[in-house]
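Engineer: What follows is each chain in one-letter form.
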Amino acid sequence: MNKTVLLIASGIAALLSQVWVFDYALLFGALNPYPYFFWILLLPPDFDKRLLLVLAFLLGLGVDAFNDTGGLHAAASTAIAFARPWFIRLIATQGGLEFERLGLYDLGFRRFAVYAGIATLAHHVLLYTLEAFSWRLMGRVLLFTTVGSILTFLVALLILLPFRKTPSTR
Amino acid sequence: MNKLLGFLARHHFTLLFIALELLALGLFIRNHAYPQSTVFNTRRAAIGAALETRSRWIDYFGLREQNERLNRENNRLRNALRSNYAELFTQQDTVVDTVLQRQYRYREAEVVKLTHHKANNYITLNKGSIHGVKPGMGIVGDQGIVGVVRSVSPHFASGHTVLHNRFSTSGALKSGLYGNVRWGGGRSRDAEIVDLPDQAGAAPGDTVFTTEFSGIFPKGIPIGIVRTLERTDDGLFVKARIELLTDFTRLKHVQVIENMLWTERQELETSVETEP
Numbered sequence: 001m002n003k004t005v006l007l008i009a010s011g012i013a014a015l016l017s018q019v020w021v022f023d024y025a026l027l028f029g030a031l032n033p034y035p036y037f038f039w040i041l042l043l044p045p046d047f048d049k050r051l052l053l054v055l056a057f058l059l060g061l062g063v064d065a066f067n068d069t070g071g072l073h074a075a076a077s078t079a080i081a082f083a084r085p086w087f088i089r090l091i092a093t094q095g096g097l098e099f100e101r102l103g104l105y106d107l108g109f110r111r112f113a114v115y116a117g118i119a120t121l122a123h124h125v126l127l128y129t130l131e132a133f134s135w136r137l138m139g140r141v142l143l144f145t146t147v148g149s150i151l152t153f154l155v156a157l158l159i160l161l162p163f164r165k166t167p168s169t170r
Numbered sequence: 171m172n173k174l175l176g177f178l179a180r181h182h183f184t185l186l187f188i189a190l191e192l193l194a195l196g197l198f199i200r201n202h203a204y205p206q207s208t209v210f211n212t213r214r215a216a217i218g219a220a221l222e223t224r225s226r227w228i229d230y231f232g233l234r235e236q237n238e239r240l241n242r243e244n245n246r247l248r249n250a251l252r253s254n255y256a257e258l259f260t261q262q263d264t265v266v267d268t269v270l271q272r273q274y275r276y277r278e279a280e281v282v283k284l285t286h287h288k289a290n291n292y293i294t295l296n297k298g299s300i301h302g303v304k305p306g307m308g309i310v311g312d313q314g315i316v317g318v319v320r321s322v323s324p325h326f327a328s329g330h331t332v333l334h335n336r337f338s339t340s341g342a343l344k345s346g347l348y349g350n351v352r353w354g355g356g357r358s359r360d361a362e363i364v365d366l367p368d369q370a371g372a373a374p375g376d377t378v379f380t381t382e383f384s385g386i387f388p389k390g391i392p393i394g395i396v397r398t399l400e401r402t403d404d405g406l407f408v409k410a411r412i413e414l415l416t417d418f419t420r421l422k423h424v425q426v427i428e429n430m431l432w433t434e435r436q437e438l439e440t441s442v443e444t445e446p
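Taken in order, these protein sequences are the chains called A and B. Note that the first sequence covers residues 1 to 170 in this note's numbering. Note that the second sequence covers residues 171 to 446 in this note's numbering.
Hints in this document: simulated from the structure, not taken from any laboratory. Ideal Cβ placement from N, Cα and C applies to all residues, glycine included. Each hint should be verified, as a subset may be incorrect.
Derived contacts from chain B toward chain A, CB cut-off under 10 Å, selection only [as the list claims (entries may be wrong)]:
| hint | residue |
| --- | --- |
| 1 | F183 |
| 2 | A194 |
| 3 | L197 |
| 4 | R200 |
| 5 | T285 |
| 6 | N335 |
| 7 | T339 |
| 8 | G355 |
| 9 | T419 |
If you want a taste of the chain B side facing chain A, the calculated C-beta under 7 Å gives, among others [said to hold, decoys possible]:
| hint | residue |
| --- | --- |
| 10 | L185 |
| 11 | F187 |
| 12 | E191 |
| 13 | A289 |
| 14 | Y292 |
| 15 | F337 |
| 16 | S340 |
Build the full structure now, drawing on both the sequences and the hints.
Structural biologist: This is how it looks when you write it as structure tokens:
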């Protein structure tokens, strides 16, 4: 029961910090960090996959509601939840390891950087490609995806640094 | 049938993913096609109220600058008052004015939400249908044009800003020759004017003003300043980069413009177009 509360509370915190803080943090007057979907990445590896799809969809939809973007973030974050097992396998095969938790201090920086970095890149590619919705803006898409991914990753790292122990949400 | 059930059971995860993804894309595309118009429901009304609360806090930090800008505008308008001028001609009759009919009416509004860094940017104002705001009305700020209202709820109005893929309006130079103004997806101050006739004699530093073609804006509202020019291959037209005058990063107070003769003009124009 306690863990359900923690799960919901952390999800709401991820949503509100995104729409009330990071949506207004503009780098170069144009780029937002989008660290909200790290909430999906940080759930335990054996978390129910189907439930995670639905939760990721709802989280994205929440961000969309505040940004007037329809289902843009919902599409991107659902895709991340879908691909998450694959991202986990990618780092696990590097040492044939099984992980109980996926936090920064649980994985160590290098593994975490691979895991979260690839997820961030995937999320941003989807997000900016869909957002542009036309090939005319391809240059913008490439630029925003690269710089935006780096920005999001750095911001997420700064948030996660103080949390030495990942709270268990199982 | 068993095979179908077996297929569903084996691929439920992927199928759920596809269903959710289609739902999300459907919502996104519907929102893209009719931004904020079809789903201006209670969800949006609730979020509109939440945004307004947040906006009130953010406003506090920009008060000084906003006050200075309003004061400057006040000063300019006061200087234009008729009472500043000595009457040189004193005829005191009541005249039923048949020479002037009011065409444009301005309503003040505050920006509740605005983006300027996305591929398509929207604006939400704190005035809605109960204040008389209707879709299709123009939005201007103290520096220049801002956008167009697309849909309204009782207390809010929402629309495209100039920084939108589908926003375009005609812009004219002092000479009266005009081109088409649109934003190219770049920074929030960079726009361009295309199809400007070469003989317009545009030069860097010229101001581009609105025209009456669209019926949305009155004539002569500033849009931007010409920065660089580029002749098209056939040499007949000029394409110019313009710097938008409106600073979308600091926009707070705007006016919504109603064209009171719009219905009349539209009816006339459609009757001509549908004439056999």
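Engineer: If a hint holds in the structure, say so; if it does not, say that too.
Structural biologist: Comparing the hints with the structure gives:
1. Satisfaction of the interface hint for F183 (chain B) is found here, the shortest Cβ-Cβ separation to chain A being roughly 6 Å, below the 10 Å cut-off.
2. At about 4 Å, the closest approach between the beta carbon of A194 (chain B) and any beta carbon in chain A falls short of 10 Å, and the interface hint on this residue holds.
3. Hint status for L197 (chain B) relative to chain A: holds, with the closest Cβ pair at about 3 Å, below 10 Å.
4. About 6 Å separates the beta-carbon of R200 (chain B) from the nearest beta-carbon of chain A, less than 10 Å, and the hint is met.
5. A least Cβ separation of about 8 Å between T285 (chain B) and chain A falls short of the 10 Å threshold, and the interface hint therefore holds.
6. The beta carbon of N335 (chain B) is positioned within 10 Å of a beta carbon in chain A (closest approach about 7 Å), and the interface hint is therefore held.
7. The interface hint given for T339 (chain B) is violated, since its Cβ lies 19 Å from the closest Cβ of chain A, which is over the 10 Å cut-off.
8. With its C-beta approaching chain A no nearer than about 5 Å, G355 (chain B) sits inside the 10 Å limit, and its interface hint holds.
9. Of the supplied interface hints, the one on T419 (chain B) holds, with its beta-carbon coming within about 6 Å of a beta-carbon of chain A, less than 10 Å.
10. For L185 (chain B), the shortest C-beta to C-beta distance to chain A is roughly 10 Å, which exceeds 7 Å, and the interface hint is violated.
11. Proximity of F187 (chain B) to chain A holds as hinted, the smallest CB-CB distance being about 4 Å (cut-off 7 Å).
12. The restraint placing E191 (chain B) at the interface with chain A holds, with a minimum CB-CB distance near 6 Å, inside the 7 Å limit.
13. Taken as an interface hint, A289 (chain B) checks out: its beta carbon lies about 5 Å from the nearest beta carbon of chain A, inside 7 Å.
14. The closest approach between the C-beta of Y292 (chain B) and any C-beta of chain A is roughly 6 Å, which is under the 7 Å cut-off, so the hint is satisfied.
15. Hint on F337 (chain B) is violated. Least Cβ distance to chain A is approximately 14 Å, over the 7 Å limit.
16. About 21 Å separates the beta-carbon of S340 (chain B) from the nearest beta-carbon of chain A, more than 7 Å, and the hint is not met.
Going through the hint list in order, the structure does not satisfy hints 7, 10, 15 and 16.
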